Amino acid sequence: MSFIQTGKIDLRSDNPIETSGGNTSTFTRVTFPSPFPPGANVVVFPLTQTFNGPETPGIRVHDVTNTGFLIRLNEVYAGATKSDGKHTTETIGWLAATV
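Position one of the sequence shown corresponds to residue 54 (the numbering used here), numbered consecutively onward.
Derived from the structure by calculation, the hints contain no laboratory data.
This one's a predicted model, so the numbers in the text were calculated from it and none came from an experiment.
Even for Gly, the Cβ is constructed at its ideal location relative to N, Cα and C.
Any given hint could be a false lead.
Cβ-Cβ distance ranges computed for the label pairs, FRET-style [claimed, not checked]: (1) S73 / T101: 21 to 27 angstroms; (2) P86 / T142: 20 to 26 angstroms; (3) H115 / Q58: 16 to 22 angstroms; (4) R65 / G92: 30 to 36 angstroms; (5) H115 / K139: 37 to 43 angstroms; (6) T144 / T120: 32 to 38 angstroms; (7) M54 / G74: 17 to 23 angstroms; (8) D67 / G146: 27 to 33 angstroms; (9) P91 / T141: 34 to 40 angstroms; (10) V152 / T101: 19 to 25 angstroms; (11) G146 / P107: 36 to 42 angstroms; (12) S55 / S78: 22 to 28 angstroms; (13) F56 / P107: 23 to 29 angstroms.
Generate coordinates for the entire structure from the input sequences, incorporating the hints supplied.
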């Protein structure tokens with residue numbers, strides 16, 4: 054049996070782009086409305102719901118557990134396009150499910 058929960062959060066980034074793996078000091082903790090069963094394998098699918106800045110926002114998710122996850126918004130950093138990481142407030146919708 055699968056379990057699904059959804060939610061949304063308003064995020065902005067006032068910090069430079071994160072280029073070091075594992076540095077989650079600028080992430081925000083999201084707590085699920087109800088914990089998933091202990092030992093459940095949970096996946097999180099985030100999606101930008103708004104279009105408030107001209108740059109493309111990037112979403113990073115980390116440390117998904119049965120009680121919540123960490124999330125960070127920054128601008129996309131790829132190829133010749135070098136972002137400073139700062140981005141205005143966007144609404145991020147998320148869906149969490151067991152697999």
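Evaluated hints:
Our hint of 21 to 27 angstroms for S73 and T101 holds, since their Cβ atoms are close to 24 angstroms apart. For the pair P86 and T142, the supplied restraint of 20 to 26 angstroms holds, since their beta-carbon distance comes to about 22 angstroms. Taking 16 to 22 angstroms as the suggested C-beta distance range, the pair H115 and Q58 conforms, at roughly 18 angstroms. Between R65 and G92 the beta carbon distance is about 34 angstroms. The supplied range of 30 to 36 angstroms therefore holds.
For H115 and K139, the Cβ-Cβ distance of about 20 angstroms falls outside the hinted range of 37 to 43 angstroms, so the restraint is violated. Separated by about 23 angstroms at the C-beta atoms, T144 and T120 break the suggested range of 32 to 38 angstroms. In this structure the hint that M54 and G74 lie 17 to 23 angstroms apart at CB is violated, the actual value being about 34 angstroms. Restraint check, D67 to G146: a C-beta distance of roughly 22 angstroms breaks the suggested window 27 to 33 angstroms.
Checked against the given bound of 34 to 40 angstroms, the beta carbons of P91 and T141, roughly 38 angstroms apart, stay inside it. V152 and T101 have their C-beta atoms about 23 angstroms apart, which keeps the hinted 19 to 25 angstroms range intact. At roughly 21 angstroms, the beta carbons of G146 and P107 sit outside the given window of 36 to 42 angstroms. In this structure the hint that S55 and S78 lie 22 to 28 angstroms apart at CB is violated, the actual value being about 33 angstroms.
Taking 23 to 29 angstroms as the suggested C-beta distance range, the pair F56 and P107 does not conform, at roughly 38 angstroms.
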